[in-house]
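Using the sequences provided together with the hints, build the complete structure.
From first to last, the protein sequence lines stand for chains X and L. Per the numbering used here, residue 1 is the first one in the first sequence, and the count goes up by one each step. Per the numbering used here, residue 1 is the first one in the second sequence, and the count goes up by one each step.
In short, the hints are calculated from the structure, not lab data. Glycine included, every Cβ here is placed at the ideal spot set by N, Cα and C. Accuracy of the hints is not assured; some may be wrong.
Stated by the list, open to error - Okay, derived cross-link-like pairs now, DSS-like style, lysine-lysine, Cα gap no bigger than 27 Å in a straight line:
(1) L:Lys133 with L:Lys118
(2) L:Lys187 with L:Lys201
(3) L:Lys114 with X:Lys194
(4) L:Lys37 with L:Lys231
(5) L:Lys201 with L:Lys37
(6) X:Lys194 with L:Lys118
Unchecked claim - Not close to chain X: a few residues of chain L, all C-beta gaps over 10 Å, as computed:
(7) Asn48
(8) Asp131
(9) Phe219
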Amino acid sequence: MVSIYNSIMPVVQRLAESGWLPESLKYAFVFNSLVAALILGPVLGGIGTLVVTKRLAFFSQAIGNAALTGVAIGIILGESYTSPYVSLFSFCIIFGMAMIFTRNRTKMTTDTLIAIFLCISLAVGACILLYVTAKVNVHVLDNVLFGSILTVNELDLNVLFVISFICILCGLGFYNRMVLSSFNPNLARVRGIKVIFLDYLFILMVTIITVASVKIIGAILVEALLVIPAASARNLSRSMRGFFFYSAAFSTLSCVIGIVIPMELEIPVPSGGAIILVAAFFFAATTAIRQLRRAYPALGKI
Amino acid sequence: MLTKNEDPPRGPSICFEMVGLCLSNITILQDVSFTVKAGDMHCLIGPNGGGKTSLILSLLGQMPHTGRIAINWTDGTTIGYVPQVLDFDRTLPVTVNNFMTMICQNMPAFIRTKKRYKDIINNALRLVSMDTKAERRLGELSGGEMQRVLFAQALIPFPDLLILDEPGAGIDRIGARVIEEIILVLKKQKVTMVWINHDLKQVRQMADAVTCIHKQVLFSGTPEEVLTTEKVFQAFSATTTNVRRDSP
Numbered sequence: 001m002v003s004i005y006n007s008i009m010p011v012v013q014r015l016a017e018s019g020w021l022p023e024s025l026k027y028a029f030v031f032n033s034l035v036a037a038l039i040l041g042p043v044l045g046g047i048g049t050l051v052v053t054k055r056l057a058f059f060s061q062a063i064g065n066a067a068l069t070g071v072a073i074g075i076i077l078g079e080s081y082t083s084p085y086v087s088l089f090s091f092c093i094i095f096g097m098a099m100i101f102t103r104n105r106t107k108m109t110t111d112t113l114i115a116i117f118l119c120i121s122l123a124v125g126a127c128i129l130l131y132v133t134a135k136v137n138v139h140v141l142d143n144v145l146f147g148s149i150l151t152v153n154e155l156d157l158n159v160l161f162v163i164s165f166i167c168i169l170c171g172l173g174f175y176n177r178m179v180l181s182s183f184n185p186n187l188a189r190v191r192g193i194k195v196i197f198l199d200y201l202f203i204l205m206v207t208i209i210t211v212a213s214v215k216i217i218g219a220i221l222v223e224a225l226l227v228i229p230a231a232s233a234r235n236l237s238r239s240m241r242g243f244f245f246y247s248a249a250f251s252t253l254s255c256v257i258g259i260v261i262p263m264e265l266e267i268p269v270p271s272g273g274a275i276i277l278v279a280a281f282f283f284a285a286t287t288a289i290r291q292l293r294r295a296y297p298a299l300g301k302i
Numbered sequence: 001m002l003t004k005n006e007d008p009p010r011g012p013s014i015c016f017e018m019v020g021l022c023l024s025n026i027t028i029l030q031d032v033s034f035t036v037k038a039g040d041m042h043c044l045i046g047p048n049g050g051g052k053t054s055l056i057l058s059l060l061g062q063m064p065h066t067g068r069i070a071i072n073w074t075d076g077t078t079i080g081y082v083p084q085v086l087d088f089d090r091t092l093p094v095t096v097n098n099f100m101t102m103i104c105q106n107m108p109a110f111i112r113t114k115k116r117y118k119d120i121i122n123n124a125l126r127l128v129s130m131d132t133k134a135e136r137r138l139g140e141l142s143g144g145e146m147q148r149v150l151f152a153q154a155l156i157p158f159p160d161l162l163i164l165d166e167p168g169a170g171i172d173r174i175g176a177r178v179i180e181e182i183i184l185v186l187k188k189q190k191v192t193m194v195w196i197n198h199d200l201k202q203v204r205q206m207a208d209a210v211t212c213i214h215k216q217v218l219f220s221g222t223p224e225e226v227l228t229t230e231k232v233f234q235a236f237s238a239t240t241t242n243v244r245r246d247s248p
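Structural data, given as structure tokens:
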């Protein structure tokens, strides 16, 4: 993986220097963040269609908050504060699993349960952060919350590669079954689908991709990229094909544009914020198109 | 038993023995015992909240019931299940074809429908007269059309045992006729059917046997025997007495 990456980078840098590609690409961190965006975009967009279908938008928000606590725990345990992956993954996975376990056991409605877990995780995070601020500059946390492409390194890219690969495999293999389980669990079980197992697997997918996106998009904003592109795609599409591919395209474009434009125009904004603003633009545009199509049905055929 | 001239039924027989179900300390079913004969169209009737759907879910092995439910399996017996509703966001861009594809194959429905499933899906949809609406979104279907699609999915693969959870509820006239016609075809093929049905007229016309459930079996037998005005009246007026008994 690293060797492929190392062989592509010099080529891109040479092209950037000779003027074929934007000049900023000659910097390693720009290249890193664009590679991350190109991997993350389609994966988040694709998983987003499932998040929207299964109505679990707020769940990913809760995981994002848990990521903050995960980072705080990592710093306390002495992990590097720029990439405390062990604590991040462990805490978020335990958190996600605990949430779905409680839901299955108590039959509590999902929104109540998510609200409870979200608050607990924020409370724990807030308490631990008090200790953390004594150790490191609290602004380090901005990077975790809102994303910072400047700090994306090879470790982050490798984590992203592996996690995306796992998510793509699970996502493609179980897509239909995950959707059916949410449509009618009884019907899904009659058809031999292991509904509970897929529930856990899906939560695991959302959790690990959220953690892997923390560096680029930020813990608080990952949810937006899981929901907004899929919602925009829903505005335009009539079938699952459009839904999935539009969503993946919107998400990828948001990531790339959100990284490139602030850099080219030298606007100092966090990458996560810029990415989500681009995604929001797509949502506004597609909503307008949808309204126009409703008002003038002839446009729908174009 | 069967005479030599008759085709053996393709569906299994089902025997419920002292089936009980208790969820969160509330008794849903108690001592339910009756038999569904192989190849029979067996209707379940009874007041709402009487435990019919719970009994069906117990039969499908999805409830922690007590007692015994024996399905007389042969190799390769397939079960079709027609649920009451699908729970989904009506604005989702999922077409009838997408839904049927998800039922048939593991390859994501957004990629494509495999060639070998296209005809199967089309035939199933044609049987319920929904083939012309295959590209409609699920959210745009009427209640009756949705029921027909749910019926179509239960026909893939062709079932030996078909379990229907009130497919008639909220259905339009065309839909009801379409479903009646298919049920008659399945009856000829001697598929065993367990059908929760509120339409007593339909039960009288089509069912081979009928069981009335309200926590317990109130009566069970052929429609001619048991669907007398007095018994039906008793069954549905039993609702009030039993509910009173349950409340603290």
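Evaluated hints:
For the proposed pair Lys133 of chain L and Lys118 of chain L, the alpha carbon gap of about 15 Å is at most 27 Å, so the pair holds. Proposed proximity of Lys187 of chain L and Lys201 of chain L is supported: the alpha carbons are some 18 Å apart, at most 27 Å. Between Lys114 of chain L and Lys194 of chain X the CA atoms are separated by roughly 23 Å; this keeps the pair inside 27 Å, and the hint holds. A threshold of 27 Å between alpha carbons decides the hint, and for Lys37 of chain L with Lys231 of chain L the separation of about 22 Å falls inside it, so the pair holds.
Straight-line distance between C-alpha atoms of Lys201 of chain L and Lys37 of chain L comes to about 22 Å, which keeps the hinted pair within the 27 Å bound. Only pairs whose Cα atoms come within 27 Å are accepted, and Lys194 of chain X paired with Lys118 of chain L is accepted, the gap being roughly 25 Å. Asn48 of chain L, annotated as away from the interface, keeps every beta carbon of chain X farther than 10 Å; the closest lies near 18 Å. Every CB of chain X is more than 10 Å from the CB of Asp131 of chain L (nearest about 16 Å), matching its label as outside the interface.
Residue-level check passed: Phe219 of chain L sits 27 Å from the nearest beta carbon of chain X, beyond 10 Å.
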